[in-house]
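A.B. asks: Assemble the complex: chain A is given as a structure, and chain B must be docked to it using the hints.
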Amino acid sequence: MKISSFFLGATAACVLGVALPPRAAAMISDEDFNALKSMVTNQDQRIGQLEKSHEQDQQTHEQDQQTIQQLQQRLGETQTLATNAAQKADAAAKIQPIKPIPSGVMSALHNFTLAGDAEVQFGKSQGQHSTFALADFAPIFLFRANDNVLFEAGFDVTLQNNTDQNGNRAAGSSTAVNLSFAQLDYLYNDYVTLVAGDMLLPLGTYSERSAGWLNKIPDDPLVRDLLPGSGVGAQLRGAVPIGQSGQSLTYSIYGANGPSSSSTNGTANASDLDLGGNVGDTPNWHANPSGGGRIGWFYPWKPHYDIELGVSGQSGEWSDSGNRLWSAAVVDAAVHISPYFEVKGEYINTWVQTDDTGTIHPNGGWVQAGYKLAGLNLDLPVVNDIELVSRYDAMNDNLGTKTDRITAGFVYYLTNTLLFEGDYEWLHSRGPAALPSNEFVVQLSYGF
Amino acid sequence: MRSTLINKRRVVLAGALALACVCLSVVLAHAEPEKKTDQKTAPKKLTGAELYAINCNRCHPERYATEFTSAQWQTIITHMRVRANLPAAQAKEILKFLKEDAGN
Chain A
1 MKISSFFLGA TAACVLGVAL PPRAAAMISD EDFNALKSMV TNQDQRIGQL
51 EKSHEQDQQT HEQDQQTIQQ LQQRLGETQT LATNAAQKAD AAAKIQPIKP
101 IPSGVMSALH NFTLAGDAEV QFGKSQGQHS TFALADFAPI FLFRANDNVL
151 FEAGFDVTLQ NNTDQNGNRA AGSSTAVNLS FAQLDYLYND YVTLVAGDML
201 LPLGTYSERS AGWLNKIPDD PLVRDLLPGS GVGAQLRGAV PIGQSGQSLT
251 YSIYGANGPS SSSTNGTANA SDLDLGGNVG DTPNWHANPS GGGRIGWFYP
301 WKPHYDIELG VSGQSGEWSD SGNRLWSAAV VDAAVHISPY FEVKGEYINT
351 WVQTDDTGTI HPNGGWVQAG YKLAGLNLDL PVVNDIELVS RYDAMNDNLG
401 TKTDRITAGF VYYLTNTLLF EGDYEWLHSR GPAALPSNEF VVQLSYGF
Chain B
449 MRSTLINKRR VVLAGALALA CVCLSVVLAH AEPEKKTDQK TAPKKLTGAE
499 LYAINCNRCH PERYATEFTS AQWQTIITHM RVRANLPAAQ AKEILKFLKE
549 DAGN
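First to last, the protein sequences are chains A and B. Residues 1 to 448 in our numbering are what the first sequence spells out, letter by letter. Residues 449 to 552 in our numbering are what the second sequence spells out, letter by letter.
Calculated directly from the structure, the hints in this document are not laboratory data. Where is the CB? At the ideal position from N, CA and C, for every residue including glycine. Be a bit skeptical, because a hint or two may be false.
Unchecked claim - Quick look at which bits of chain B chain A covers, simulated, 3 or more residues with Cβ under 8 Å:
#1 492–503
#2 506–512
#3 516–527
#4 535–548
One chain only, chain A, in its complex shape:
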């Protein structure tokens, strides 16, 4: 079959012709070669850079791995510490406190507050030069430990001219710091409070209610010099309400070291009486303490209309030998009629047994009235803030000196706690211990 062979051969040739690529152009230009060469070179460089970069990445990765391992180790340590702390806290919570904290208490129990007052005066006594004086800086420290415990202390800081040992003028000035009171108050229940320390004594009400900015006349009643203002001891005090009208009965009962003799040879002459000594840094100057107390009745028939009456006293030894007694009795009263008018006063009688003059009875009293001009309803800006005050006080030391004084003055309320006061005093004193007569004083007083 020749034809089939021919066709087979032709077909094979066609297949081969199709399968085998046609022979390409034998030649490539120099430009193309160089371009290709350049491209290969660039690719080679690029591959080299990539290889370097890869190596760096590998190194960074290894460092990161190390850092991760370190952090994991620290995390493990921190978790261990936290677990230990939690275990300690659990253990501490299981320890019972001596006095469990009351449930429901959210606010802090302790609180420190500073209160007090300060007075600056300008005044002139007859026969003396006028002068400015820092009359008093009297801070009161209040530290409340909880609802039932309070520690309070008050100081009087004053400036005074120096004197020598004979009482004559000397150069310079000095600062005197006196502790007016320092007492611990324990409010045992609604009716009984225990007070202990250097206490303001409840003989009358003046000692407890006579801070500088409360006392509308710059100086104290003369007769208060017959009484100790404070004493070291212990006291129970409280108040019992009567009905729902605000009426109450108050009581105070205390024991204190009491007055003593300033004599170094044990005498108890009238001039030896020391009301401010015997504070306990040495054994009691005499064998037994003094005792005293006050009972008071307060009745308000409506706000700003009230009356208070009180009776108080103290008695005890004052001589070293214990054979001389010092006693005091005080009657006090205060009345408020409307927000504008008040009158108050005290009568004080004392009995002092002495070695040289027998039993003497220093005594006296004071009565003070005040009227706020706002009660006139004049609606005048300055007038409404003025209160007129007046006081009559008298004292007889029962050793020949009698003094009586009339004081007329005013209080201008710059604010509720900043007071400008002024008064003129007509003083009549005769006897061996007569006081200087007539003086005027103006005072700026601030309560804080």
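C.D. replies: Just chain B now, with coordinates in the frame of chain A:
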């Protein structure tokens, strides 16, 4: 001399008694007549504001509630309860009243 002293004492005593009588008469003049209360009606309890007005102006000008924080008021009222011998229940009502408008 002794008779003069006695006379002066009598004058002072008479003056004191007269002053006491004047005060008492003023007190009685301003006292409201006693109301006949229904036995079933209990006396009205005074509010903190009323107790504050009764007690806190007797000795000093009133202090405003905003002058102190709540914690400071608690300390101050504790101090005043001791110093002024306030009944405990009244002191607590006054404290509650002051705390309502205490400063920050």
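A.B. asks: If a hint holds in the structure, say so; if it does not, say that too.
C.D. replies: We went through each hint and held it up to the structure:
Using a Cβ-Cβ cut-off of 8 Å, 8 residues of the stretch 492–503 of chain B lie near chain A, which meets the minimum of three, so the contact claim holds. With a cut-off of 8 Å between beta carbons, the stretch 506–512 of chain B has 7 residues touching chain A; three or more are needed, and the interface restraint holds. For the stretch 516–527 of chain B, the proposed coverage by chain A is satisfied: 9 residues have a C-beta within less than 8 Å of a C-beta in that chain, meeting the threshold of three. Counting residues of the stretch 535–548 of chain B whose CB falls under 8 Å from any CB of chain A gives 4; the rule of at least 3 is met.
Checked against the numbered hints given earlier, this structure breaks none of them.
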